[in-house]
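S.K.: Here is what each chain is made of, one letter per residue.
Number of protein chains: 4
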Amino acid sequence: MILVLKPLVTDAEIDSLQNYLTGRYSVQIHLSRGVDSVILGLVGDTAHVDIEAVAAQDIVERVTRVGEPYKKVNRKFHPDDTIVTVGGFPIGGKQFAVIAGPCSVETEPQITEVAERVKSAGAQFLRGGAYKPRTSPYSFQGLGAEGIDLLIKAREKTGLPIVSEIMSSDALHDFDDVDIIQVGARNMQNFSLLKLLGTFGKPVLLKRGLANTIEEWLMSAEYIMASGNENVILCERGIRTFETATRNTLDISAIPLVKKLSHLPVIVDPTHASGIPWLVEPLTMASIAAGADGIMIEVHNDPPRALSDGAQALTPDQFDAVSARMREVAPVFGRTI
Amino acid sequence: MILVLKPLVTDAEIDSLQNYLTGRYSVQIHLSRGVDSVILGLVGDTAHVDIEAVAAQDIVERVTRVGEPYKKVNRKFHPDDTIVTVGGFPIGGKQFAVIAGPCSVETEPQITEVAERVKSAGAQFLRGGAYKPRTSPYSFQGLGAEGIDLLIKAREKTGLPIVSEIMSSDALHDFDDVDIIQVGARNMQNFSLLKLLGTFGKPVLLKRGLANTIEEWLMSAEYIMASGNENVILCERGIRTFETATRNTLDISAIPLVKKLSHLPVIVDPTHASGIPWLVEPLTMASIAAGADGIMIEVHNDPPRALSDGAQALTPDQFDAVSARMREVAPVFGRTI
Amino acid sequence: MILVLKPLVTDAEIDSLQNYLTGRYSVQIHLSRGVDSVILGLVGDTAHVDIEAVAAQDIVERVTRVGEPYKKVNRKFHPDDTIVTVGGFPIGGKQFAVIAGPCSVETEPQITEVAERVKSAGAQFLRGGAYKPRTSPYSFQGLGAEGIDLLIKAREKTGLPIVSEIMSSDALHDFDDVDIIQVGARNMQNFSLLKLLGTFGKPVLLKRGLANTIEEWLMSAEYIMASGNENVILCERGIRTFETATRNTLDISAIPLVKKLSHLPVIVDPTHASGIPWLVEPLTMASIAAGADGIMIEVHNDPPRALSDGAQALTPDQFDAVSARMREVAPVFGRTI
Amino acid sequence: MILVLKPLVTDAEIDSLQNYLTGRYSVQIHLSRGVDSVILGLVGDTAHVDIEAVAAQDIVERVTRVGEPYKKVNRKFHPDDTIVTVGGFPIGGKQFAVIAGPCSVETEPQITEVAERVKSAGAQFLRGGAYKPRTSPYSFQGLGAEGIDLLIKAREKTGLPIVSEIMSSDALHDFDDVDIIQVGARNMQNFSLLKLLGTFGKPVLLKRGLANTIEEWLMSAEYIMASGNENVILCERGIRTFETATRNTLDISAIPLVKKLSHLPVIVDPTHASGIPWLVEPLTMASIAAGADGIMIEVHNDPPRALSDGAQALTPDQFDAVSARMREVAPVFGRTI
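Protein chains in written order, with the numbering used here: chain A, -2 to 334; chain B, -2 to 334; chain C, -2 to 334; chain D, -2 to 334.
Treat the hints with caution; some may be incorrect.
Since the list can't tell identical chains apart, any single copy or any two copies may satisfy a pair.
Stated by the list, open to error - Computed list of lysine-lysine pairs in PhoX-like fashion (alpha-carbon distance at most 25 angstroms, straight line): (1) K73 / K154; (2) K192 / K91; (3) K3 / K257; (4) K150 / K192; (5) K192 / K3; (6) K68 / K256; (7) K73 / K3; (8) K69 / K150; (9) K3 / K68; (10) K116 / K154; (11) K256 / K150; (12) K3 / K69; (13) K154 / K192.
Hint data in this document are derived by calculation from the structure and do not stem from the laboratory.
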């Protein structure tokens, strides 16, 4: 961290600032004086330094962070890839993880049929929403705890570990028997929920927020890890931009960037990123090519009858085709499915 | 709502779609046939129609919403301005509401001193954060319930009603004696929390999300109202754009737009919108000129010692100056302070 | 400018970098060594330093600019406000400049009628497009040179100086008798055109690009000034964001920010910023309150018959009302109309 | 195109609007009346209809475009892929086009060395900037006509067709012997230049603007085609978003979307999209996987000595590695290099 001080500061002011800094943070200060400027370089545990507080000091003109503000998610301090293993299936290594299922769990036949179809197509995980974040209070809000029960039944039939989204800490214990707990884009900075999931211990699939930077996303993962849970899976799902031709804009560069900055696995959700079923295949291919560790795709047995997001779901037949193509392409990028 | 059907649809398919629509929603359908296209116009309670579900129907090519998707917040069905009165002070009418206070409640002397200073400058409400949403888990997270207690003490001394942010439904009862509960930008689409606050009954100050459209913002207000709470105050606090010169971009047009679309009061937070103390005055003036019903400004008695966001807070002296200017300008726009 | 060098650099490498820098730029270097880092501070004429070239040097880890990259537009080197006086009317001082007129010049009666109406409402300048940047090649492209002739006739009748947009250097001499040459948002970084207008000498009204930062906008003004033309007027006209309720998002904060960074006058175009006629009045009031030096408003005598942008133009009667309100409000902010 | 009329319109008003529409455009109107609304459906050559002019009509409440506003670039009217063949090398078919070279042409040895290296690595086209759009007037502006001469010499030595950017119509004839003329992102809506290149006849490589939608990009291609030039190559180069970790955000979805909407070839510029050399390889792979027709990569023989953009260029050795990888991956997606 580099602090440029305002012109004409006195030695007493500089001493006072140095005392302020070393009194609060575990840092060493490296002072350098120029003809008409003084620069302080902070070295040490700068991830704990509150950059806004430093910027608020009277004699500080400008602060620049040099190191990353996160530690536990940082690849620098954990060079090897983290592999999160769930129900015997690894996420984050050579194996390319495939998560599929409907937007919402609706009925037992629906979730079971989808589970069987996606399993036979090669998916290793079943996703399904029981608590649904909907823009309108008048839209279907999900089956809640009953939806979780139906997912568990589908797991019993197929053996697929299950992934479902939590919307509130109130419902935490509905997730006692869920394999991976998803935090949705709208809750990426629900810090209370992140801390709670940090102590709960189950693997967390953390979606990137609609308008959150990569750094903010990693800081949210840091919240979970700092609370004691190392099993975090990141999921890029498109960001909000001015373009309206797609529902969101898939930030494909985020995949190699996050893989470099962090040791955590990164998967992609092409369904929400685009909102257009026929874009799922090319975006899945692009994600594999860019180095993603897995993919999460919405599949519904009867999209026109879906209670939510039917317009963007693949049919099981369409998913079969994408899945077959994944198996051809993954090995070219050193992955197996 | 207008549905353009795909070319070459059959009469049976159209009948089936019409049955689907009238079976689920309270709408009348108005069908029109062109040379090579069929259009359905939906009239009635279209706010309850799930546009994505309609778009997922096989024969639908495109759906356009004509009416607004919200009802209770809609000015069409409630032409008069809503005035939320708290502790005797109205928000939403002729009176221009002034809310001021520190980012975080830190100590009793701090919050009391700030409360007394902002009161004497003309503020009618005291804000202060007890639960703080911070990007980093290593930053000060707020005093929690103790912070609320200190706010209550400051209210006892000054008579100012208090505003504080809730971050999680777990902490709801810490807010039993808070006058206005704030929902922050990061929780604008925390629908579980919105529903809970809808039933809790206390006035809610709903900040616009970083990257949420005006329509999504009003839909979140609809969540609160649909759960039974009519006392919603909207707060524009800047949106995230490509511009980095300011922390966010204040969407000044949102003020007159929301005033036209909705009957709810709209206030502005120029501190978070800009992140720059000397911009607070011109942005406050612009907000009054654009028709805002009030303003919320961060004030700290000792910004360099603030535990959060000190770099953007005004000192009490600076707030005095802004406040004096507000009193000159408000009457030109038909407001009193 | 501060350069953080990579770890483990040798003295010879540092010497070589210092020679590279002092050999190309008029800067002094201020070197400081820490335990495991070396920092170079560059002082002097850093506006001429190519930050990307410096970042490309092998041993440079990171470069941060401390000073602004512009000189001639910088208020630091020109503390007094620039006032551009055109046809006896000042832009940039106490006087609030009002520019009004149709999107496109269409016919002599049209432009003359509008000119007379906006003059009688208090406008000091007439705007009108002769060369029109249209998204579609099939839309009306403007009357070209004939449009300029009609503007000149309207000036003869009313005495109002005229403002019109240039789209290409080919047409430069059509603007020999135009009072203020407008550079549109889409040409803000048409650097060839900016240089040409720098030598041509006529006052230039430089609109901000749709997705350009304030710094880039000021750099484009620097192009014009560096080529010898000091008469530059900046015009904020809204930026492109995710919000679709308005055509663009008026960046109201840009007004006080640019006034602080630069001595050039700043005006606002609320018509293009919003695309909605009834928003023109509140946005004009907000612009005055935020410190703008003037306003540019589209007015058409018969909006439904307009050949371009009719949906967003005010009628002369509507403009009368806005104008009357401007006269009431401007004095409150120290301006006269 | 669908027009929803305002409530309570009279028959005479509707007749008048219909006459207005059929008098100006080659469209048939299909009127339908509901209980309290009237809808007009426009069929025919709606690409020529000015949607803003229609929206400006008094009785029109809302207009929605159903068809695309472009014709010549539209795949509907030209189902087969366009292949632009330059110097014997096709762009747009089975062959994956590789364009490489430095940001700026600097000296004869520099451009010749780069040309030879990229040719031996498998590139079929040489790029090099002679006229450079630089944010700062104080940065290197390119060699101009002399740069074009050096490119031509490099072509003579290597046989590689050359690509260079035009910044102004003034310099058109410097491009008489250039094989492909590039229009940069900042000039994507320089409509005068587009029209001129439409009549000039040489193949045009049209980059997407920083903040332009896919539809606007295709409309700019329509300008070139409508002026008579069918040889247009589209180039996605990243859009501007809130994310700052990369220079721009590569919109990977734009590739399959544009391939569906248009018959024109689409290539990708991963260098400008990311601004980070080590991201060029994964983004190139993702582009191939998403269906791109080619790639344009910046390569410099000595990046630290580059006169522009050195920090983002690959060295020839790095380009060799990316090129080798492209040859392995392209066949998996049905392409040859």
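S.K.: Does each hint hold? Answer for all of them.
M.R.: Each hint tested on the structure:
Taking CA atoms no more than 25 angstroms apart as the test, K73 paired with K154 passes in neither setting, with 42 angstroms inside one copy and 46 angstroms between copies. In this homomeric assembly, K192 and K91 never come within 25 angstroms of each other (Cα to Cα): the closest approach is 30 angstroms inside a single copy and 43 angstroms across copies. Taking CA atoms no more than 25 angstroms apart as the test, K3 paired with K257 passes between copies only; the shortest distance there is 18 angstroms, against 36 angstroms inside one copy. When the C-alpha separation of K150 and K192 is checked against a cutoff of 25 angstroms, the pair qualifies neither within a copy, at 29 angstroms, nor between copies, at 29 angstroms.
Proximity of K192 to K3 under the C-alpha cut-off of 25 angstroms is found in neither arrangement, the shortest distances being 38 angstroms within a copy and 36 angstroms between copies. Taking the shortest Cα distances, K68 and K256 sit within 25 angstroms of each other inside one copy (15 angstroms), while across copies they are farther apart (41 angstroms). When the C-alpha separation of K73 and K3 is checked against a cutoff of 25 angstroms, the pair qualifies only between copies, where the shortest distance is 15 angstroms, while the shortest distance within a copy is 33 angstroms. Taking the shortest alpha-carbon separations for K69 and K150, neither the intra-copy value of 36 angstroms nor the inter-copy value of 39 angstroms comes in at or below 25 angstroms.
Within a single copy, K3 and K68 get their C-alpha atoms only as close as 30 angstroms, which misses the 25 angstroms cut-off; across copies the closest is 20 angstroms, which meets it. For a Cα distance limit of 25 angstroms, the shortest separation of K116 from K154 inside one copy, 11 angstroms, qualifies, whereas the shortest one across copies, 57 angstroms, does not. When the C-alpha separation of K256 and K150 is checked against a cutoff of 25 angstroms, the pair qualifies neither within a copy, at 35 angstroms, nor between copies, at 42 angstroms. Taking the shortest alpha-carbon separations for K3 and K69, only the inter-copy value of 23 angstroms comes in at or below 25 angstroms, while the best intra-copy value is 34 angstroms.
When the C-alpha separation of K154 and K192 is checked against a cutoff of 25 angstroms, the pair qualifies neither within a copy, at 33 angstroms, nor between copies, at 35 angstroms.
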